[in-house]
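Colleague: One line per chain: the protein sequences are A and B, in this order. Quick note on my numbering: the first sequence kicks off at 1 and runs consecutively. Quick note on my numbering: the second sequence kicks off at 1 and runs consecutively.
Hints in this document: simulated from the structure, not taken from any laboratory. Even glycine gets a Cβ: it sits at the ideal position worked out from N, Cα and C. The reader is advised that the hints may include incorrect statements.
[What the hints assert, rightly or not] According to the in silico footprint, chain B covers these stretches of chain A (three or more CB under 8 Å from chain B):
1) 140–152
2) 156–162
3) 234–247
4) 320–328
So the chains spell out like this:
Number of protein chains: 2
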Amino acid sequence: MNADCPLPQDDYPTVQLAHGGGGRLMRQLLDELILPTLRPDGARGLHDAARLEALPAGAQLAFTTDSYVVRPLFFPGGDIGSLAVHGTVNDLAMAGARALALSVSLILEEGLPMATLRRVLHALRQAADAADVRIVTGDTKVVERGRADGVYINTAGIGVVPAGVRVHPDRIRPGDALLVSGDIARHGMAVLARREGLEFETAIDSDCQPLWGTVAALLDAGIDLHCLRDPTRGGLASVLVELAREAQVDLSVEEAAVPVTPPVVTACELLGIDPLHVACEGRLVAFVPQAQAAVALDVLRAAPGGAHAAVIGKVGAGAGRVTLRSPYGTDRPLDLPAGELLPRIC
Amino acid sequence: MNADCPLPQDDYPTVQLAHGGGGRLMRQLLDELILPTLRPDGARGLHDAARLEALPAGAQLAFTTDSYVVRPLFFPGGDIGSLAVHGTVNDLAMAGARALALSVSLILEEGLPMATLRRVLHALRQAADAADVRIVTGDTKVVERGRADGVYINTAGIGVVPAGVRVHPDRIRPGDALLVSGDIARHGMAVLARREGLEFETAIDSDCQPLWGTVAALLDAGIDLHCLRDPTRGGLASVLVELAREAQVDLSVEEAAVPVTPPVVTACELLGIDPLHVACEGRLVAFVPQAQAAVALDVLRAAPGGAHAAVIGKVGAGAGRVTLRSPYGTDRPLDLPAGELLPRIC
Chain A
1 MNADCPLPQD
11 DYPTVQLAHG
21 GGGRLMRQLL
31 DELILPTLRP
41 DGARGLHDAA
51 RLEALPAGAQ
61 LAFTTDSYVV
71 RPLFFPGGDI
81 GSLAVHGTVN
91 DLAMAGARAL
101 ALSVSLILEE
111 GLPMATLRRV
121 LHALRQAADA
131 ADVRIVTGDT
141 KVVERGRADG
151 VYINTAGIGV
161 VPAGVRVHPD
171 RIRPGDALLV
181 SGDIARHGMA
191 VLARREGLEF
201 ETAIDSDCQP
211 LWGTVAALLD
221 AGIDLHCLRD
231 PTRGGLASVL
241 VELAREAQVD
251 LSVEEAAVPV
261 TPPVVTACEL
271 LGIDPLHVAC
281 EGRLVAFVPQ
291 AQAAVALDVL
301 RAAPGGAHAA
311 VIGKVGAGAG
321 RVTLRSPYGT
331 DRPLDLPAGE
341 LLPRIC
Chain B
1 MNADCPLPQD
11 DYPTVQLAHG
21 GGGRLMRQLL
31 DELILPTLRP
41 DGARGLHDAA
51 RLEALPAGAQ
61 LAFTTDSYVV
71 RPLFFPGGDI
81 GSLAVHGTVN
91 DLAMAGARAL
101 ALSVSLILEE
111 GLPMATLRRV
121 LHALRQAADA
131 ADVRIVTGDT
141 KVVERGRADG
151 VYINTAGIGV
161 VPAGVRVHPD
171 RIRPGDALLV
181 SGDIARHGMA
191 VLARREGLEF
201 ETAIDSDCQP
211 LWGTVAALLD
221 AGIDLHCLRD
231 PTRGGLASVL
241 VELAREAQVD
251 LSVEEAAVPV
261 TPPVVTACEL
271 LGIDPLHVAC
281 EGRLVAFVPQ
291 AQAAVALDVL
301 RAAPGGAHAA
311 VIGKVGAGAG
321 RVTLRSPYGT
331 DRPLDLPAGE
341 LLPRIC
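Isolated chain A (complex conformation) (with noise of 0.2 Å):
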């Protein structure tokens, strides 16, 4: 525990609704707590727009956004916090920006112990810390018990695009080779273990973990980066259909060429789970020309959470499907899953 940082704490053990009603507990809230901790070089006005530095002329800006409602909040290799951070870190550096500035805001639950917002607001700033990136604006809002679960994290960014660089479906080709950053389906098997009380004979960690190091060290082996895209909700499968359907081009992966872990795959025959139906949270897909396909995953295999990394499949023309050819040769369409396969695993 942090002793140069006193604590509301000390007088309200959990947030009470007054600590979002604009008044002196809130003011004490952020001074004492929030504040010291996402931003302790002292800056204020963290309710405030924040001014970002002046931009190189034509720099390319990205933004984006998304809202954390993990259950449990925190699990095997993360929690909400750093994943409120590499989510949104990871959507920027999918679009091939650095993150610049995130902004943090917060919906509390009454009740929410205050050493729980504490953990959670650390491992933010950790997270931001590690990323390279600054927290530069937020809010805090409380609603009544029973309104929310404990707390919710939207985290917005904004990046910067280097100069030359564009990577976005369109730009997916046949003959690109389909490559995959590390082995997949770790993190929402590591959240539902979690959740559902689930022991397994090996423990599944999250692959959680911020990725525009592996995006630049890609762009630095001068990989002509066509696009990327993070495998989060709906899991590997889902990114695949829609960028086939969004590039209007097929997709044929080789079913075993697709990196599971041997604790991953055994815990998702267990569960009759797919492993291309669930998450990631720090993986990426990247399409690149056929030429620099093992350039790339040597790139690839030396970043962090990378040992695993593969060319999993190629782009052929056609109209959009995903094709999944099996060891024996044989090819099975790949498609959505219908709905709700593990809710609340970002």
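Add chain B to chain A, keeping to what the hints say.
Modeller: Showing chain B alone in chain A's frame:
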């Protein structure tokens, strides 16, 4: 109702958990309701990072966010959708910034009537159009029944500050005049009245409206805007107390000069609430050089909602106190309200 927009409500009259699951139902909700309503230009990719047009060299960006949890969702003079646009556009305007792009992130409660969602989305869109700002990116989550209250909305906004404009508390100077752009306390009373089923003799409409037009008119008139702030949660009292503290000046406010309409006075008296503590969502406080106060007042009175704009006080040297001077010439110190006067009014 919009006949051009086939609705998933044909199949699902209420929001299902599966609408947030990353599969077919979520795709359908996005493609058939959310994207066509928020982005009728047909642009896709609301769930990706949006790329913004290149900005002029040296453009100064502002960035802000707010989550909206107002109860009820619809109230006289506004609703959660219009509030979510105006609140964020106004936070940018208070930094002297014209809103350029908004994100919209929805947290939906399972069981929310699809008709309610549609109504909220239309309100978001109409308010964005009226404020001349584009909704460029977004997110949708669904939580179980009893884990939210219908719908919560987060908006984040990026704005551009015109060259040469610097609006900030550290520019407040002894001798500045203090103006308010219209009558106060209507938003909070309108929400409270609707929520509690109160009937007043004269209906009170929220003051919810965008304020960039007013700020632009002040700038066009050559006013050197030292500081702006919109008195939302905590009302005019909170804003004045916080600004006096931040700027390390004393503020002297003429109680009789603070504009409150008779229906709001009556309602506040009935409920024992001080209008100085009640939120506005379409009013601003401006600090300007005394010599420009008369011109600024003329501009404010000509702006929408500005009929009752007034000079309400002045800035003096001091250590951060706010004093309210009664019509009888007696002074009393103004302080922050303790806590939760009016929960969930924004």
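Colleague: Would you mind marking each hint as holding or not holding in the structure?
Modeller: Status of the hints after comparison with the structure:
1. By the rule of at least three residues with a Cβ nearer than 8 Å to a Cβ of chain B, the coverage given for the region 140–152 of chain A holds, with 9 such residues.
2. A stretch counts as covered by a chain when three or more of its residues have a beta carbon under 8 Å from one of that chain; for the region 156–162 of chain A and chain B the count is 5, and the coverage holds.
3. Using a Cβ-Cβ cut-off of 8 Å, 5 residues of the region 234–247 of chain A lie near chain B, which meets the minimum of three, so the contact claim holds.
4. Residues of the region 320–328 of chain A lying with their CB closer than 8 Å to a CB of chain B number 0, which falls below the three-residue condition for coverage.
When held up to the earlier numbered hints, the structure conflicts with hint 4 and nothing else.
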